[in-house]
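Asks: Listed below, chain by chain, are the residues.
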Amino acid sequence: MSEETFDVIIVGAGIAGCTAAYLLAQQGLQVVLIERGPYPGSKNLSGGVLYGRVLHEIIPNFWEEAPVERIITNQVISFLAAEGAFNIDFKNEAFCKPPYNAFTVLRAKFDRWLAEKAEAAGAMLVPGIKVDAVLRDSAGQVTGVAAGGEEMRARVVIAADGATSFLAQEAGLRERIPTAHVATGVKQVIALPRETIEERFHLTGNEGAAYTVVGYATRGVPGGGFLYTNRESLSVGLVMRLDDLVRTQSKPAEILEDFLAHPTIAPLVKGGRLLEYGAHLVPEGGLAMMPRLYTGGMLLVGDAAGLGVNNGFAIRGMDLAIGSAIAAAGAVAEAKERGDFSAQSLSGYQRRLDQSFVMADMRTYARAPHFMHNPRLFHAYPALLVDFMTRMYDQQGLPKQHLTPTLRQTLQDHHISLFDLLKDFLEGARAL
Amino acid sequence: MRRMSVPEKLAVNKYELDEGHPHIEVHEEVCRAQCPNLACLFVCPANVYSEQNGRIVADWAGCLECGTCKVACPTDALYWVFPRGGFGVIYREG
Amino acid sequence: MNIIVCVKFTPDAGDIQVNSDGSISLERAEWGIGSFDLQAVEAGARLAEATGGKVMALSAGPRQINHSKLKKDLLSRGPDELYLVVDDALQDAGTAATARVLAGAIGKLGPFDLVLCGEGSADLYFQQVGLQLGEMLGLPTLNAIRKIETAADGLRVERDLDDEIEVLAVPMPAVLAVTTDVHEPRLPTMKEILKAGKKPVTEWTLADLGLSGGLAKHSAVVSIRAPHQVQRKNIRIEGSPEEAAQALVGYLNKEGLI
Amino acid sequence: MAEQREIWVFSEKPALLAELIAGAKTLGGRRVAAWVVGARSSAAQALTQGADRAAWLGDTGGERLVEDYVPTLAQQVQAGAPAVLLIGSTRRGRAVAGRLAARLDNTVLTDVLEFQSEGGDLLIRHMIFGGGAVRVEKALAQPVIATVGSGVFAPLPPAAAAQGEMVEVPFVEPEWRARLIERKPRPPAAVNLAAARKVICAGRGLARQEDLAMINELARALGAEVACTRPLAEGLNWLPRERYIGISGATIKPDLYFGVGVSGQAQHIIGMNRSKVVVALNKDSSAPIFQQADYGVVGDLYAILPALVQAIKARP
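First to last, the protein sequences are chains A, B, C and D. Per our numbering, the very first residue in the first sequence carries number 1; after that it's consecutive. Per our numbering, the very first residue in the second sequence carries number 1001; after that it's consecutive. Per our numbering, the very first residue in the third sequence carries number 2001; after that it's consecutive. Per our numbering, the very first residue in the fourth sequence carries number 3001; after that it's consecutive.
Treat each hint with caution, since some may be false.
Calculated Cβ distances over 12 Å to all of chain B for the following chain A residues [unchecked claim]:
hint	residue
1	Asn61
2	Ala66
3	Phe357
Below, computed lysine-lysine pairings styled on DSS-like, alpha-carbon distance capped at 27 Å [what the hints assert, rightly or not]:
hint	chain 1	residue 1	chain 2	residue 2
4	C	Lys2199	C	Lys2108
5	C	Lys2254	A	Lys117
6	C	Lys2199	A	Lys117
7	C	Lys2254	D	Lys3253
8	B	Lys1014	A	Lys251
9	D	Lys3198	D	Lys3025
10	A	Lys270	A	Lys109
11	D	Lys3013	C	Lys2147
Hints listed in this document are in silico derivations from the structure and should not be mistaken for laboratory results. Computed from a predicted model, the values in this text were never measured in an experiment. Note that CB positions come from ideal geometry on N, CA and C, so glycine has one too.
Please model the complete structure; the sequences and the hints are all you need to start from.
Replies: Shown next as structure tokens:
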């Protein structure tokens, strides 16, 4: 039994790993899915918004059986200043019709369901095992994995081991990750009764709201906050560029506490009880960060491949992970038919990825990381917006000015030149 | 919600402690010699690293396994791997 | 030696949720092998490996135990076969009822030389089932076993008692409840986990054991509540080291502690 | 009314037997019979500790184990039909109780902390989930067989002379015997934290192992045992494993727990939160231990401990 060579070993039962295992097992390949946590999902954490259409393509109407939390019909973009906020509140009932645009999910439950789907399709799940290294033959072809002193052989290894992917680095597919290419996400899940959530966020049934917060939330450190409604809890957290955290010597836990105490956030979490506090790295380097995605006998999928998009109004990772798993499964099945798992044969993975929405979006938002790193975005503009609105509504019994001069005055007070404003607007238009 | 300290938050989490098998080690002499910013002392969301009586100490039991320290550490002073299979933080929500 | 190891799958005590009224809820608790049973499984696996024989794992409980994760986890730690008695009537079963069901199941298993149990279950820790089971089977039955060796006339065991160690010769077949010192449980390896998926699992209901007439109830659970939290005074002592020391000595004196 | 049924008590440990007799006295004022193994004198002693009558089963010094008396005791229980049978919750006691119950198609209510009679019923209270919950059960079987640990009841002051008669009971040969080969002394645990009345617990706030000297000095001044948190025993090995308090270490219920430099992780709190009085000394005011403390001192232990020892010694 142990001398057997499997078709595929997948390392990491997250969204990408489980999806690839599901697809490949369905096509009759011998798939081993190895997860280091005691159960799939026990080591995974996301802000929690899954854009579900791509999963619907491979598991039709998955929401009828999957443990999803709420269907997002209400998106709020909030520009936070020290005492106030300027929100763009958008709601569209259209999002509440199948095949639904986006769901909130809790990874410890969702990944577990997805892994059970893969097992039902025939994948062999191996929980509680940490893979230490990939095995390579003299020609450098990856031939399997080593874990706890044991070796297991496979024709191809799919590394789905997350943003810090040690396997990608060890296999020479990428160097050390620079701090500019990742963001540290800290998150709390806060229990609130279902009725309170629906009342507080004006939701009916299993509708959900998603707040994306920019500005004071991260005390000027480039990044953003989020607040998503689950069925009976809120997912609240921050994602902050690691290079800026280091530069500003900021403590993520303290910024999160300040965020929760902010006058516009505190009322939303009032009366809540902390269920869990977690942290995770988020790939934020965009196209520039992506390592080489394949070599002889090995592919990178999901966060391990650096797939992630943060364009300010949405942070996407899970749908890209699923897209990469679909491309990887296609390439591996094709390689299996040819009986050739060389790098050349596996290049089909890159080709499929390029043709899919995954690389299309990575290219579209290639400039987002740079644009999102503009300090004015996280400090000056939110404060400007809130200040401008304050002046607009402030009736001090003195003669009012027209809006344009008020805006010009506010810009001056915030030392923002029209030129900067225009430059940033153009860069934003090209990046987002 | 009242303000909570990091130890209080970690106390809510579930851990399977791998007694006697720390997955983090700090080689202090390298830190003192090469590290420009001691980033680990502030970037870690779980405050694993602290300076106590002049020594950099890693209380690895509360680690959230995000890897921030591994990326932020500019030197190779930090031995940091995931805990052994089945051990460490266990997310029930995620 | 053919060895039967009795195991209880339990909800993880770490996942207890205390409701506002003090009652507790476990429906979101993760189920797993009782942490004190792992040593019994290890002891059984080692004895079977040393003497050439098989290990039959046996467990009884409500429907939560009939889950592939639990079955594979147990089968990846040494046992060759798994026998489950699954019946919701076993929810909150008392120690006598559990022992009766295990005795019934053992009756349907092949020949055996030894039955091993853990020190106590991870949730109740009443440390009773092994002893009651052994007596029901009419076999030599001992607890607190910290060492087992084979010998010409059966087994040589050491019992770790409160005041002394008893070294005993025990005839076989026998029923032994082992302490956590008997063996360090192994961590399942990648290959054992994969093999576990292919090992035989036999499932019975109480009816299959002729026990569907219901199990004797020797006690009725009246309530299960979180222990009442001692209300702490939370007095903060301020001042210089000397002032703080003086104040603390005053309080300790008032509490009759010095 | 039929002659009222007795309450029987059994333990191979004389000290625990005395506690059970006192406890039996509180259950409905019934006559209490003590069943004794070991030295014959223990039976006589039981009569001075409140037992109304005593029965000596036999000795356990030589070849016979305590558990060999299970068949004898079972025969007596069937004949004498007591209402309640309390057995000392030692490892041997648990073995006797379990096998006895199985022979009588009965069960055992284990490690009972409190009995309460309500109407005709007997309610018992004990812990489950490692102390995470308290379970109350109503006993239905006859007799009620329960194990009780030491410290639940306080023994009665011994009477000057023994009242009540003592009988000897015929030995019933058991169906099987384990042959005793050897008895080895059990190395006495260096410290019995569970029984300690006062505990000083050292935590990660200590910088060096040598600083334990200050902890020992404070412990001497207060007459307390020294314990520590997991990292000191597991990680740094400054103290042996049996001295660490926590979920996988010792659980204590002393009159005083004094945490020095202890932050108060959940796994530690579970092992000490049933202490009567909790004092905490830590330089971090937000350390979770302060929520569990009756008296909290925020400050530098290197300044406060010496001052405290001084203040204790200087007391009149």
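Asks: State for each hint whether it applies.
Replies: Quick rundown of the hints versus the structure:
no.: 1; hint: Asn61; in the structure: 23 Å, holds
no.: 2; hint: Ala66; in the structure: 14 Å, holds
no.: 3; hint: Phe357; in the structure: 25 Å, holds
no.: 4; hint: C/Lys2199 - C/Lys2108; in the structure: 19 Å, holds
no.: 5; hint: C/Lys2254 - A/Lys117; in the structure: 64 Å, violated
no.: 6; hint: C/Lys2199 - A/Lys117; in the structure: 21 Å, holds
no.: 7; hint: C/Lys2254 - D/Lys3253; in the structure: 20 Å, holds
no.: 8; hint: B/Lys1014 - A/Lys251; in the structure: 23 Å, holds
no.: 9; hint: D/Lys3198 - D/Lys3025; in the structure: 30 Å, violated
no.: 10; hint: A/Lys270 - A/Lys109; in the structure: 25 Å, holds
no.: 11; hint: D/Lys3013 - C/Lys2147; in the structure: 24 Å, holds
Going through the hint list in order, the structure does not satisfy hints 5, 9.
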